[in-house]
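Could you put the whole structure together from the sequences, leaning on the hints where they help?
Here are the chains, one letter per residue:
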Amino acid sequence: MKVLVVNSLAPFLHGGAEELANNLVQNLNRYGAEAELLRIPFSWDPAERLLEEMLICRQFQLWNVDRVIALRFPAYLVPFQRKTLWILHQFRQAYDLYDAGQSHLASDARGTVIREAIRTADNNCFAEARHLFTNSPVTAERLKRYNGFDSVVLRPPLNDPELFAGDNPGNYIFAGGRINSGKRQHLLVEAMSRVKSSVNLVIAGPPDQPGDAATLRELVARHNLGDRVTLDLGLLSRHKIAGYVNGALACAYLPFDEDSFGYVTMEACQAGKPMITSSDSGGVLDLILHEDTGMVCEPDAGSLAEAIDRLAHDRNLSRRLGDNARNRWLSLNLTWERTVERLLS
Amino acid sequence: MRVAICSSFVPFIHGGGRFIVEWLATKLRESGHQVEAVYLPFVEINEQILPQFLSYRLMDLSQNVDRLITIRAPAHLIPHPNKKVWFIHHIRLFYDLWESPYRKFPDDERHRGLRRQIMEADQTALREARQVFTNSQVVSRRLQTYNKIESEVLYPPLLEPERFHCREYGDEVVYLSRVEHHKRQHLLIEAFRYVKTPVKLRLCGVSSNSSYVLQLRLQITRHQLLGRVSFENRWVSEEEKSELLAGALCSAYLPQDEDSYGYPSLESSSAEKAVLTTTDSGGVTELVKDRYNGRVVEPEPKALASAIDELYENRELARQMGQAARLRLTELNINWDHVLTRLLS
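As they're listed, the protein sequences go chains A and B. Just so you know, our numbering puts 54 at position 54 of the first sequence, and the rest follows in order with no gaps. With positions in the second sequence counted from 1, the corresponding number in our numbering is that position plus 345.
In short, the hints are calculated from the structure, not lab data. Since the model is a prediction, treat every value here as computed from it, not as a measurement. Keep in mind that the hints are not guaranteed to be accurate.
Claimed, not checked - In silico DSS-like links for lysine-lysine, alpha-carbon gap of 30 angstroms or less:
#1 A:Lys240 / B:Lys372
#2 B:Lys372 / B:Lys586
#3 B:Lys586 / B:Lys647
#4 B:Lys586 / B:Lys545
#5 A:Lys2 / B:Lys586
#6 B:Lys647 / B:Lys545
#7 B:Lys647 / B:Lys541
#8 B:Lys545 / B:Lys634
#9 B:Lys449 / A:Lys2
Written out as structure tokens, the structure reads:
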């Protein structure tokens with residue numbers, strides 16, 4: 001069976017969704033299908049472009065393909081009979097981020113027309129799908145709330161669990177993943193200026209924009225934290241990332257209202273590390289419970305500093321939370337073999 | 346530099362247009378550039394050509410991408426302020442194959458209109474490019490004739506020419522290529538009815554045409570050539586290809602009016618083996634000069650047979666032409682340093 005995985009592409013932005021698409025293709029090939037990836041470039045600024053972007057996807061023709069598994073807007077609009085959708089997220093600026101006042105779509109008539117067009121295209125696409133999967137309860141809930149569609153939650157597995165075996169806890173907090181203002185690594189740097197224990201912070205990952213890197217560097221300099229905060233910015237190898245996770249005292253991940261667990265969270269749990277996160281981090285909170293599998297703080301520097309200090313001082317607590325995190329994650333039993341089976345059903 | 350390489354594809358079909366993209370991406374990364382290789386779908390169905398053109402034309406890659414390099418049509422329609430086109434062929438039915446039996450649709454007002462629109466779209470997009478390159482003089486001439494566009498020939502190199510080497514000048518002519526009617530393996534088998542020396546022939550390659558494969562087998566049996574001609578309809582690994590060429594007397598590559606010289610002739614030249622080809626092979630004759638780095642003979646069995654006998658009887662000649670074949674690659678500047686310099690300047 002020839003399976004085309006379809007995803008949207010923002011050139012040179014590489015995060016969890018891109019990793020997932022690559023791994024999906026690899027695992028489809030491993031478990032008996034013939035799979036290939038189609039990435040359709042997507043540009044959403046200015047807002048008027050969104051209409052053209054949908055048109056671009058609707059004019060493409062797919063030949064020599066038996067099945068389509070589509071992941072993101074607007075690429076999932078590409079015409080094909082009975083697509084399988086595995087929705088990682090909708091175009092959130094037209095939905096929940098708009099409601100939260102974090103959208104670049106204006107509230108005037110033009111903005112409304114664009115949002116309506118997106119919703120109509122989405123609804124038509126969802127209605128004709130073979131299967132409608134979502135990657136998390138958060139995504140499923142939004143799909144229900146905004147579009148009225150029921151979906152089946154199919155959480156993505158970890159791609160290389162063997163790398164995250166865990167190791168003795170060192171004296172640093174590790175914050176991995178893409179770097180941008182929405183992931184709020186800057187809050188961790190600010191927290192470090194208030195931390196009383198001698199623990200350090202390592203931030204590692206690819207900045208979305210050069211400005212995101214500059215902001216962090218400037219913040220580290222302003223608080224004079226050069227000897228306590230390491231910035232390892234760029235696209236790192238999986239081994240390097242696993243090394244940071246395995247040797248950490250705890251991991252930290254503070255996205256604003258993340259849709260799913262996030263790979264960063266799954267990796268920390270696999271390695272048996274407690275996770276420091278924030279009460280508004282969305283899907284992360286399905287795995288991380290306060291003082292059970294990690295520390296759930298308020299999204300401010302003071303609250304984070306307190307949590308870091310507690311984990312640094314109370315090594316028994318951090319060990320217990322880390323063990324719980326691993327057990328809770330493993331009990332979900334998420335594997336690629338089973339995921340592929342469900343996607344091709 | 347952040348470079349996007351865009352090309353078109355039909356999912357799950359692996360033609361030569363993919364090698365040029367993959368190899369260019371590899372070489373750009375090796376020299377420290379960031380690369381996105383993007384394949385977009387395109388099918389040549391008359392009613393769908395212009396709608397698909399629209400998708401390419403509307404695409405916005407201006408953000409995040411410093412340089413756009415386009416390969417297979419209609420990727421050159423994508424706008425970018427810093428675009429270089431490496432043009433490998435037109436949508437030929439509407440260009441040079443219009444007056445050929447390959448065109449199955451009528452020469453009526455509707456199709457002439459479509460032809461005009463395709464040509465205008467191509468012309469407009471090609472004029473916007475900072476520079477237009479082609480893979481052969483044949484394609485450059487067509488751009489000049491049909492689109493009035495000046496272009497520079499930029500010959501595509503092999504990814505790793507150093508894999509090929511010469512061990513000896515043995516007793517075997519090798520034809521390592523896809524087995525298709527227009528590659529004319531049948532012509533070479535026919536020639537072996539007329540060779541007078543004990544020279545052998547080895548044909549190896551995959552095919553999309555099982556009846557042609559059967560036809561070749563029957564031809565070999567019918568003319569009692571089983572002891573002389575071996576034919577294996579299968580994939581040949583890079584290692585095996587290199588081994589077969591290392592021991593060969595010379596290679597053969599006789600496509601009918603090919604656009605470019607074809608990777609088999611480059612592989613043979615890298616292994617210091619003369620290339621046997623025919624006067625009507627198109628782009629191959631840009632690389633092969635008669636009696637310098639190979640033989641260019643009439644597409645007649647007897648002419649081919651006598652060229653083969655001559656090389657078998659005069660190994661010194663086979664060696665001289667083989668060494669010239671390697672030298673010819675340098676003379677034509679067929680190397681990645683040159684390609685990168687031209688595409689990035």
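Tested hints:
1. A:Lys240 / B:Lys372: Cα-Cα ~24 angstroms, so holds.
2. B:Lys372 / B:Lys586: holds (22 angstroms)
3. B:Lys586 / B:Lys647: Distance ~28 angstroms between Lys586 (chain B) and Lys647 (chain B) Cα, so the pair holds.
4. B:Lys586 / B:Lys545: OK: Lys586 (chain B) and Lys545 (chain B) at ~17 angstroms, within 30 angstroms.
5. A:Lys2 / B:Lys586: holds (28 angstroms)
6. B:Lys647 / B:Lys545: Roughly 16 angstroms separates the two Cα atoms, so the pair holds.
7. B:Lys647 / B:Lys541: holds (11 angstroms)
8. B:Lys545 / B:Lys634: Satisfied, since the Cα-Cα distance of roughly 24 angstroms is no more than 30 angstroms.
9. B:Lys449 / A:Lys2: Distance of about 29 angstroms is within 30 angstroms: holds.
Violated hints are absent here; each numbered hint is respected by the structure.
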